[in-house]
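Okay, here's what each chain looks like letter by letter:
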Amino acid sequence: SQQGEEDPQALSIQEGENATMNCSYKTSINNLQWYRQNSGRGLVHLILIRSNEREKHSGRLRVTLDTSKKSSSLLITASRAADTASYFCATDARLTGGGNKLTFGTGTQLKVEL
Amino acid sequence: DAGVIQSPRHEVTEMGQEVTLRCKPISGHNSLFWYRQTMMRGLELLIYFNNNVPIDDSGMPEDRFSAKMPNASFSTLKIQPSEPRDSAVYFCASSLRVSYGYTFGSGTRLTVV
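Protein chains in written order, with this note's numbering: chain A, 1 to 114; chain B, 1 to 113.
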């Protein structure tokens, strides 16, 4: 089963607007990562936030993490048509038997219209 | 760096045939991951290697699936015999360390008819 559940499943906005996607997870994590996937392509790493961080910025991206609520949000400001893609959160957690595992959420399909 | 390189990009095969997917990770990355993506199940981790050693293969669906990493620059995922339900996009990803961001390849779209 998926560790992360994203909300909403689909989001359609106008160019220039902000897009906010949310992710909830179930277990303790080392870090949480966000990825973008364009149609028919591989995933591209956007940003990583560690469990002891609450907010992180990268260009037009802002990520927050609330470990008490086991949730994260990704904000894309001043969206562009090129931001149209699926966005996935992924949680990095320690395995019981050792090692780590990155588990992906179900994704949010973002469509930015001109 | 050319990134993570996967081959082939597309594979169409008949049920029962052996399929081998290949991956070349980024040089210097010591963690390699195989994922499968389908509409129904999303992205599933099949197996991952650290320093060429398989660490977690709990996601491998069944004995028909096997993966190897004979050296730091090459990995294979083999399905034998293949079945229509194996149809999916298979991604390989590598990372400098497990807790760092991953770099994904472009994927292999497998269709088993």
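Think of the hints as simulated: they come from the structure by calculation, not from any bench. Careful: at least some of the hints might be erroneous.
To be verified - SDA-like cross-link-like pairs, simulated, lysine to any residue; straight-line CA separation at most 25 Å:
id, chain 1, residue 1, chain 2, residue 2
1, B, Lys68, A, Lys26
2, A, Lys101, B, Phe65
3, A, Lys26, B, Phe65
4, A, Lys101, B, Val112
Said to hold, decoys possible - Residues from chain B that keep clear of chain A, each with C-beta distances beyond 10 Å, as calculated:
id, residue
5, Val12
6, Leu43
7, Met60
8, Arg64
9, Lys68
10, Ser106
Unchecked claim - To spell it out: a stretch of chain A is covered by chain B in this simulated footprint if at least three of its residues, at any positions, have a beta carbon under 8 Å from a beta carbon of chain B; those stretches are:
id, stretch
11, 37 to 51
12, 77 to 86
Glycine included, each C-beta is placed from N, C-alpha and C at the ideal position.
Results for each hint:
no., hint, in the structure
1, B:Lys68 x A:Lys26, "violated (31 Å)"
2, A:Lys101 x B:Phe65, "holds (19 Å)"
3, A:Lys26 x B:Phe65, "violated (29 Å)"
4, A:Lys101 x B:Val112, "violated (29 Å)"
5, Val12, "holds (16 Å)"
6, Leu43, "violated (4 Å)"
7, Met60, "holds (14 Å)"
8, Arg64, "holds (22 Å)"
9, Lys68, "holds (18 Å)"
10, Ser106, "violated (5 Å)"
11, 37 to 51, "holds (count 6)"
12, 77 to 86, "violated (count 0)"
Hint compliance for this structure: hints 1, 3, 4, 6, 10 and 12 are broken, all remaining hints hold.
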